[in-house]
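Letter by letter, the chains look like this.
Protein chains: 2
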Amino acid sequence: MINEKNVRLGEVRSSIRELFEYGKKRKAEIGDDKVFDFSIGNPSVPAPAEVREAIVEILQTYDPVQLHGYTSAQGDYSVRQVLADYINSRFSTKLTADCLYLTCGAAASLTITLNALLNAGDEIITFAPFFPEYGVFTEHAGGKLIAVGVEEGTFRIDFDKLESAITAHTKGVIINSPNNPSGVVYPEKDIIRLAELLKKYSEKYGEPIYLISDEPYRELVFDKEVKVPYVMNYYPHSIVCYSYSKSLSLPGERIGYIAVNNEMPQFSKVYAGICGAGRALGFVCAPNLFQQLIKKVYNVTSDISVYKNNRDRLYAALVDYGFGVVKPDGAFYLFVKSMEESAAAFCERAKEYELLIVPGDDFGCNGYARVSYCVSPEMIERALPAFKKLSESYRNK
Amino acid sequence: MINEKNVRLGEVRSSIRELFEYGKKRKAEIGDDKVFDFSIGNPSVPAPAEVREAIVEILQTYDPVQLHGYTSAQGDYSVRQVLADYINSRFSTKLTADCLYLTCGAAASLTITLNALLNAGDEIITFAPFFPEYGVFTEHAGGKLIAVGVEEGTFRIDFDKLESAITAHTKGVIINSPNNPSGVVYPEKDIIRLAELLKKYSEKYGEPIYLISDEPYRELVFDKEVKVPYVMNYYPHSIVCYSYSKSLSLPGERIGYIAVNNEMPQFSKVYAGICGAGRALGFVCAPNLFQQLIKKVYNVTSDISVYKNNRDRLYAALVDYGFGVVKPDGAFYLFVKSMEESAAAFCERAKEYELLIVPGDDFGCNGYARVSYCVSPEMIERALPAFKKLSESYRNK
Numbered sequence: 053m054i055n056e057k058n059v060r061l062g063e064v065r066s067s068i069r070e071l072f073e074y075g076k077k078r079k080a081e082i083g084d085d086k087v088f089d090f091s092i093g094n095p096s097v098p099a100p101a102e103v104r105e106a107i108v109e110i111l112q113t114y115d116p117v118q119l120h121g122y123t124s125a126q127g128d129y130s131v132r133q134v135l136a137d138y139i140n141s142r143f144s145t146k147l148t149a150d151c152l153y154l155t156c157g158a159a160a161s162l163t164i165t166l167n168a169l170l171n172a173g174d175e176i177i178t179f180a181p182f183f184p185e186y187g188v189f190t191e192h193a194g195g196k197l198i199a200v201g202v203e204e205g206t207f208r209i210d211f212d213k214l215e216s217a218i219t220a221h222t223k224g225v226i227i228n229s230p231n232n233p234s235g236v237v238y239p240e241k242d243i244i245r246l247a248e249l250l251k252k253y254s255e256k257y258g259e260p261i262y263l264i265s266d267e268p269y270r271e272l273v274f275d276k277e278v279k280v281p282y283v284m285n286y287y288p289h290s291i292v293c294y295s296y297s298k299s300l301s302l303p304g305e306r307i308g309y310i311a312v313n314n315e316m317p318q319f320s321k322v323y324a325g326i327c328g329a330g331r332a333l334g335f336v337c338a339p340n341l342f343q344q345l346i347k348k349v350y351n352v353t354s355d356i357s358v359y360k361n362n363r364d365r366l367y368a369a370l371v372d373y374g375f376g377v378v379k380p381d382g383a384f385y386l387f388v389k390s391m392e393e394s395a396a397a398f399c400e401r402a403k404e405y406e407l408l409i410v411p412g413d414d415f416g417c418n419g420y421a422r423v424s425y426c427v428s429p430e431m432i433e434r435a436l437p438a439f440k441k442l443s444e445s446y447r448n449k
Numbered sequence: 053m054i055n056e057k058n059v060r061l062g063e064v065r066s067s068i069r070e071l072f073e074y075g076k077k078r079k080a081e082i083g084d085d086k087v088f089d090f091s092i093g094n095p096s097v098p099a100p101a102e103v104r105e106a107i108v109e110i111l112q113t114y115d116p117v118q119l120h121g122y123t124s125a126q127g128d129y130s131v132r133q134v135l136a137d138y139i140n141s142r143f144s145t146k147l148t149a150d151c152l153y154l155t156c157g158a159a160a161s162l163t164i165t166l167n168a169l170l171n172a173g174d175e176i177i178t179f180a181p182f183f184p185e186y187g188v189f190t191e192h193a194g195g196k197l198i199a200v201g202v203e204e205g206t207f208r209i210d211f212d213k214l215e216s217a218i219t220a221h222t223k224g225v226i227i228n229s230p231n232n233p234s235g236v237v238y239p240e241k242d243i244i245r246l247a248e249l250l251k252k253y254s255e256k257y258g259e260p261i262y263l264i265s266d267e268p269y270r271e272l273v274f275d276k277e278v279k280v281p282y283v284m285n286y287y288p289h290s291i292v293c294y295s296y297s298k299s300l301s302l303p304g305e306r307i308g309y310i311a312v313n314n315e316m317p318q319f320s321k322v323y324a325g326i327c328g329a330g331r332a333l334g335f336v337c338a339p340n341l342f343q344q345l346i347k348k349v350y351n352v353t354s355d356i357s358v359y360k361n362n363r364d365r366l367y368a369a370l371v372d373y374g375f376g377v378v379k380p381d382g383a384f385y386l387f388v389k390s391m392e393e394s395a396a397a398f399c400e401r402a403k404e405y406e407l408l409i410v411p412g413d414d415f416g417c418n419g420y421a422r423v424s425y426c427v428s429p430e431m432i433e434r435a436l437p438a439f440k441k442l443s444e445s446y447r448n449k
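Chains as they are written, first to last, in my numbering: chain P, 53 to 449; chain H, 53 to 449.
So that you can see chain P by itself, here it is in the shape it has in the complex:
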């Protein structure tokens, strides 16, 4: 017998992926422009021109032995120094290069962090709806993911539910703000309250509860008044898992970082655990060409206005058609209330109108469907009548 758990993980296709494959088949049958695929969270905006320019310049000016050679496991020191300085200038932290560990993207940031922190039986709390791989990553690291429901109607943290989920086994809490799939951004007062609660229970149980902030969507926030608080300013035992996948539209290139708050007393142990976990998982170093790229474009983002316009257009239309939906502050998802009890049935009915949207059940939250609006504005225009018909089909039943 080989490892049955991993065999099952490899055999089960996610329903997002199933839907995407269905969409490809359906497009072949009735035409690309007749199918409205809102299933996948793949950036639709190209990487900014600076990315191509910087890569070409790097290729033409760097010594190839250095450029394509191993960096230290943590990443090239000079790259980490630039990122630490940038984070400090944005968030008034006092990070050094040695607080950063460059990774092969957000998933690697999370698996490395979880493997550094967890012992068998430890628990990680997160808030439903959540990115489903959190469960896979936590279990592989020997832990158990505890999903806690959020405030009805706002998708913000329900502190009573959170408090009753914390136990002596709680090793950490993962937040994801802006959130996939709800688009919610936690306001500062929620982060302050979260920090107070974690401090209280860390003291009660005599062991720190780590706050892991999964931030692939940090830069995708559309309104000036919305701020994404930086967790290190509120809580010493905090770790930021960052990725350039969405901000620079580089999801396939696998580049991101872990930043460990140097204000935590256990900093050296936690950072060493991250180095050890990266080694045990087989990461070696983040792709060097992309490390050097990030050193040059660390403060650039793709054209986020496309997502903002998509959000505004789609949100207004869906509300107009009678859908229940909380206006998302960021990321590129709308989480729409199902018009019948089963979100799976709702999404099946949407298919009759060639709309491909994902049941919230996959994100640990029944009764909703995720609409990914990282798509072309033209497709949104073409899809609006279909959304209207879907809504009408429930009113006329």
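Any given hint could be a false lead.
When chains are identical, the list treats them as one kind, so a pair holds in a single copy or across two.
Taking lysine-lysine pairs in the PhoX-like style, the calculated list, with each CA pair at most 20 Å apart, reads [stated by the list, open to error]:
1. LYS196 x LYS57
2. LYS321 x LYS57
3. LYS77 x LYS276
Rather than coming from a laboratory, the hints here were simulated on the basis of the structure.
Since the structure of chain P is already known, use the hints to place chain H on it.
Chain H alone, transformed into the frame defined by chain P:
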């Protein structure tokens, strides 16, 4: 308490890395050209010109959304198809695109394969001397690495020792040919005998014993008469872990693949296990730009003749100076017999002549030292008098 095992892994610097850091310090003290650093296995030959040309062409002609987007977890289908065709043309296999799984390099190939195969308590056999991370990777996957000694004087498999190490817990055998650190290539007759033995014990215990061939050095073979047998031609339960780190001098870019032999009856389960393990470890997909690069330069290598010339010059000189050394067929390492019982003491004495070489103890093999000759030919010339003096220091004692 966080995960102490990973903390320790992160805190312990490998002695190779220690030596490398010592070398940097020493160079600052006495000058770059006075220190002879043979410690690190980092390719010294630049990536071939085709690499830069292909990357620039890809950047200028591909749609950036596609180019930098996610591929399927297994890797872009068209890339896998090209690689399957190439492997089939070289080794007369009948692989399909779906036998390949693109990875972030050799370490990822190994950790994914081991996590796919191993259950807690399973054993993996390898042959000492071996790449020390095999132990780290196997343990993280829940298994135990059993290091079996090799034939004295040749570094080839000692089949009696191997046979006595196989138990009902043996899940697989890792071979690494050309070998780091001995440079030995296993001849065909050894692979045939190995396959027979594994078949016999697979039948005895009623479970396949998998043969994992770790092949980062496959292309680094210097003599026409030396062939590296392709394990799939000899044994159905075989898995090849390949990397472009050394063949294309891209170690920092993390690109390689796993090829699963489709002649094994459990093929679908093993491949699914690999997909599941890749997911659980957080790999998502191999860097897409480098996937597309490999599609264009799959049959190109760096200028291997530099390593051949280094080997010839250094081997001849060391033999002349009285060192005991088996002529390496491939890779870029010489494994030199220590001139005193403790290889650590031998390497310490080498430092007195500014020679940085690594004790074989790190590779599970006492009494030897590794000399990495992926260095400039000029440094070898400058270093030869130091090697001569090191040898003389033992004769004159």
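Tested hints:
no. : hint           : in the structure
1   : LYS196 x LYS57 : both (15 Å within a copy, 19 Å between copies)
2   : LYS321 x LYS57 : between (30 Å within a copy, 11 Å between copies)
3   : LYS77 x LYS276 : neither (41 Å within a copy, 49 Å between copies)
Of the numbered hints given earlier, the model fails hint 3 alone.
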